[in-house]
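Let's have the full structure, built from the sequences with the hints guiding it.
For what it's worth, my numbering labels the leading residue of the sequence shown as 1438, then goes sequentially.
Treat each hint with caution, since some may be false.
Said to hold, decoys possible - Under the rule of at most 30 Å between Cα atoms (straight-line distance), these lysine-lysine pairs were calculated in the BS3-like manner:
1. K1513 with K1525
2. K1509 with K1631
3. K1523 with K1689
4. K1771 with K1842
5. K1689 with K1525
Unchecked claim - Pair by pair, the computed Cβ-Cβ distance ranges are:
6. Q1682 with A1622: 20 to 28 Å
7. H1478 with W1505: 30 to 38 Å
8. A1951 with E1918: 46 to 54 Å
9. E1619 with T1487: 23 to 31 Å
10. V1919 with G1738: 48 to 56 Å
11. D1480 with W1939: 15 to 23 Å
12. G1521 with E1497: 36 to 44 Å
13. K1681 with P1894: 34 to 42 Å
14. P1722 with K1509: 55 to 63 Å
15. K1674 with G1738: 26 to 34 Å
16. G1738 with I1871: 47 to 55 Å
17. T1487 with V1919: 25 to 33 Å
18. A1622 with G1582: 18 to 26 Å
These are computed hints drawn from the structure, not numbers from a lab. For each residue, glycine too, the CB sits at the ideal point set by N, CA and C.
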Amino acid sequence: MAIKRKGAAPIIEIEAGVRFSKSPSLYEASPFVDRYGQYRHSDWPGKVKTEADIIAGGREEARVHATWPAPKGYDKYGGRTDTGWKEKGTGFFRVAQKNGYWFLITPEGKPCFYTGLCTVEPGVGERTPVNERLYLFDELPPRTGPSAGAWARNLWGDFSGIEYVSYYTWNVARKYGESWPEKSAASVRERLSKWGFTGLAKWVSGVPNVPYLPYLAHWDVPNLADHPDVFDPAVRKVFADSLKQQMGDGIKDPWIVGWSVGNEYPQIIKTAEIRSILTMPGKVPAKRALIDHVVHTTYNGSTEDAGKAWGLGPTGEDALYEGHPDAPAADIEKMRRYYQENYYAFMRDTVQQNDPNHLYLGCWPVPGWWENDEDWRITAAYCDVMGFDRYAATFTEPYLDKLIKEGNKPILCGEFAFPPYYDGMRGFGRYSTIYSKDDADAARYYRTWMKDAAANPYCVGVCYFQYRDQAITGRGPGRGEVLVIDENFAFGLVDVADRPKWDLVTAVRESNLAARVDRFGHAGIELKSK
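Shown next as structure tokens:
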């Protein structure tokens, strides 16, 4: 390096040599995953080296749990029994407001601030696809014996024969042996209680008689562009029948907090979707309905004026339907909102017609993962409780506070998390919107988040995503010579060896229990026992 001066400003010249070399192929660097589902190419404190480490983790958990008493002062659904405030028990969850603060009311009529946990399925971890990339794995679980349940085929609605394995399930089988399904189910129940959770959240199964938030899908309903054509009576019938079948006997289940249909961004009607519909044949019911709506609300019923504005020239109704309107952005947005209003209204009305007793929570939009803020307003208009997901460092921020107040509905966060990245040393991905350095850093985020959620007058609860870490090679579906397929983040409260992350779990317990008490203090409700 040489420094030269020209006048008063120095000029720095730097010489460097660069050598390029071919990066190793996946095959040359494999295997990436050890026999316990961990990253092979680095080491860290607490990494599992033998099966004895997994079993020792179970003993440590029993020791810690013995020092943590179970929460007291709650009914079986998580409602406080010591407030002096009791609503009428209806046999189902509902909401009520007290001193300006919203609360869930349990089936027994007790007020509740809900703390939930996502993706709980005892002993079952998210499986990773193995087709055409077997070389990534040092060893795969036996297909017979206790580990047989680690294998699966044709998941995620893909029926192309893809095989999957769960190292988490294999490790649970190592931990408990043949009786792993029963013992892991008992472990889940104890963890939920000891860690301060009211119950479960989304994506759960296998834990009866615990509150939960079931998810209804519409994979079996035909889409027009990205969503079902709810303006088509035939599609409406298929959609309604599907929802009714999925709900089944759940309409009688007091443990269900509320229903939701779909999840996050895929449930948003997009601008591009509307433009695509406008290129379809004129007989498509959605196209006709969208055109009719804007013709009557913007152009006072004049097809000639609409045709001029849309580049079709003065024209009649049939020509509008059969043409390919190049509508201005304001008209496209009006169509988009109209479609979204009808779509959300149909889902809400169908769910409530089948089940008038349970809450309807909407479709969990993520603030910012949408076309514009109107998507929050429309969602809030068509639900009992505004369910949303949020991956951010804070529970709310000014623009979201404004939307919450405008909606004037109780809110429930269905997913939040701060997945540790561990400086990339453990093979996990770095989440794009929010991540933490390690478990202790995630614990700091969690404490702040829970404190803020409990203080928010509209919030009736929050749910953490998720129970256990994802596979470092991804959760699928897919195949081929790639290292990661879909998500591979360290979201979990437990690792791939079913061991609690104690720095995080300790904060989770303390924060959950504090929030379930502090909520009442914020509302000016005195508890007889804390």
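Hint numbers the structure violates, sorted upward? As far as the earlier hints go, not one is violated by this structure.
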